[in-house]
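Novice: Here's the letter readout for the chains.
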Amino acid sequence: MTKQEWPLYEVFIRTKAGLSHRHAGSVHAPDDQMALSNARDTYTRRSEGVSLWVVRSDRIVASDPAETSAFFEPAEDKIYRHPTFYDIPDGVENL
Amino acid sequence: MYTQGLDQGGRDQQAAVETAEQLAAFQKRIDAEEKIEAKDWMPEAYRRTLVRQISQHAHSEIIGMQPEGNWLTRAPSLKRKAILLAKVQDEAGHGLYLYSAAETLGVSRDQMVADLLSGKAKYSSIFNYPTLSWADIGAIGWLVDGAAIMNQIPLCRCSYGPYARAMVRVCKEESFHQRQGFDIMLNLCRGTDRQKAMAQDALNRWWWPSLMMFGPNDSESTHSAQSMAWKIKRFSNDELRQKFVDVTVQQAAFLGISVPDDDLKLDEASGHYNYGEIDWQEFIDVIAGNGPCNQQRLDKRRRAHDDGDWVREAAQAYANKQAARVAA
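From first to last, the protein sequence lines stand for chains A and B.
Be aware that the first sequence starts at 0, since it is given in numbering that gives the first Met the number 0, and climbs by one per residue.
Be aware that the second sequence starts at 0, since it is given in numbering that gives the first Met the number 0, and climbs by one per residue.
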């Protein structure tokens with residue numbers, strides 16, 4: 000059998016119910032099920048999680064760091080999207 | 000530390016394609032304490048230094064399973080055995096976190112493993128010493144993991160994000176390792192005279208190799224200045240070694256065993272302990288592959304890798320079959 004490198008999976012852990020999954024690292028595995036088992040053995044030996052996601056790294060679509068400023072530029076001049084943009088006179092409560 | 004071999008390597012060549020502007024912009028980010036992430040632009044030498052450092056660190060964790068694994072079947076109680084098993088498992092885990100961090104820099108896992116097995120890659124000199132008695136398991140946790148923590152806590156603030164995050168995880172677990180080691184030493188030291196003598200013997204044999212873990216003296220450490228400028232390294236070898244000596248000498252005093260160094264003396268003015276000269280020839284020999292266990296460690300790792308071959312093949316065959324079934 001020819002040797003082939005096992006694909007890389009990114010691992011995400013939900014530490015407890017109510018929190019989002021968060022990236023923890025990666026594992027190699029020949030298939031999805033083993034990726035899940037490997038992720039459990041590698042990243043949750045101390046009850047770090049109640050839920051695990053694994054996703055093939057090559058399936059992740061990422062923004063390009065070299066284009067960061069251009070990519071996120073549309074949000075930059077819209078400061079009125081933040082509540083601090085508005086002056087509220089003294090005496091107005093609960094706003 | 001776990002990456003002492005770095006300090007022995009040749010100088011990196013600056014790749015020609017990097018402009019002065021790029022390098023200056025990069026250094027500015029580093030100086031501003033910004034973290035560098037996997038896909039960010041980085042100088043080739045920064046990438047190469049990190050690949051070497053992180054992969055050596057990973058290899059050290061993997062080889063580091065062996066000296067302790069030696070005592071798994073001989074632990075004095077079921078409790079001690081369960082704890083040691085968890086610790087050895089952690090070392091494997093640390094190796095995997097670190098391989099995963101190194102891979103973000105574009106080097107493949109299989110390549111790193113191949114470099115370890117071929118003997119091309121280095122790992123920490125400390126794991127080439129034998130574990131002759133149960134007290135050595137205590138000494139390793141207390142001294143070797145203690146020294147590792149000194150080095151690794153600052154690495155949690157390393158400029159390269161994936162490495163820093165892996166180190167946060169490692170440090171949390173390392174603290175358990177050090178305490179369980181001290182616990183073993185404490186039990187032996189509070190035991191019979193023979194048990195205490197075992198603890199003293201372990202300290203005698205592990206003290207100097209532990210000091211060597213921090214790498215060559217600052218005056219000899221050629222890569223240090225660049226690593227400091229890049230904030231990969233935060234403290235020098237000698238600074239960390241001094242810190243280690245200062246805290247460990249007091250712990251030894253608590254245990255009632257003595258550090259095997261006639262020159263050890265508290266310097267009242269500085270509050271630091273002065274210590275004797277390290278046998279650097281021994282350090283160089285071990286790094287070069289001529290330590291007491293270098294051959295044994297590599298042989299065992301190769302054997303373990305070969306013995307696992309059928310498992311990897313079976314897993315791959317199963318994956319292929321499942322994939323074919325889905326496709327059909």
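Simulated from the structure, these hints should not be mistaken for laboratory data.
The beta carbon of each residue, even a glycine, is placed where N, CA and C say it ideally should be.
Any given hint could be a false lead.
[Said to hold, decoys possible] Taking lysine-lysine pairs in the DSSO-like style, the calculated list, with each CA pair at most 30 Å apart, reads:
no., chain 1, residue 1, chain 2, residue 2
1, B, Lys171, A, Lys15
2, B, Lys171, B, Lys230
3, B, Lys38, A, Lys77
4, A, Lys15, B, Lys27
5, B, Lys195, A, Lys77
[Stated by the list, open to error] Computed from the model, here is a short list of chain A residues facing chain B with C-beta under 8 Å:
no., residue
6, Glu4
7, Arg44
8, Ser46
9, Ala74
[Unchecked claim] Covered stretches of chain A (in silico footprint by chain B; criterion: 3 or more residues with CB under 8 Å from a CB of chain B, positions within the stretch not fixed):
no., region
10, 60-67
11, 80-87
Novice: Run every hint past the structure and note whether it holds.
Specialist: Do the hints match the structure? See the list:
Restraint check for lysine 171 of chain B and lysine 15 of chain A: the C-alpha separation of about 19 Å stays at or below 30 Å, so the hint holds. As the CA atoms of lysine 171 of chain B and lysine 230 of chain B are separated by approximately 21 Å, the hinted pair is consistent with the 30 Å bound. Proposed proximity of lysine 38 of chain B and lysine 77 of chain A is supported: the alpha carbons are some 28 Å apart, at most 30 Å. A distance of roughly 38 Å separates the Cα atoms of lysine 15 of chain A and lysine 27 of chain B; the hinted pair therefore is violated under the 30 Å criterion.
For the given pair, lysine 195 of chain B sits about 71 Å from lysine 77 of chain A by alpha-carbon distance, which is inconsistent with the 30 Å threshold. Because the beta carbon of glutamate 4 of chain A sits about 5 Å from the nearest beta carbon in chain B, less than 8 Å, this interface hint is met. Interface hint at arginine 44 of chain A: satisfied, since its Cβ lies 6 Å from the closest Cβ of chain B, which is below the 8 Å cut-off. Using the Cβ-Cβ criterion of 8 Å, the hint placing serine 46 of chain A at the interface with chain B is not satisfied: the shortest such distance is roughly 13 Å.
At about 20 Å, the closest approach between the beta carbon of alanine 74 of chain A and any beta carbon in chain B exceeds 8 Å, and the interface hint on this residue is violated. Figure legend: the region 60-67 of chain A, annotated as covered by chain B; annotation consistent (4 residues with Cβ-Cβ distances under 8 Å, at least 3 required). For the region 80-87 of chain A, the proposed coverage by chain B is not satisfied: 0 residues have a C-beta within less than 8 Å of a C-beta in that chain, short of the threshold of three.
Checked against the numbered hints listed earlier, the structure breaks hints 4, 5, 8, 9 and 11; every other hint is satisfied.
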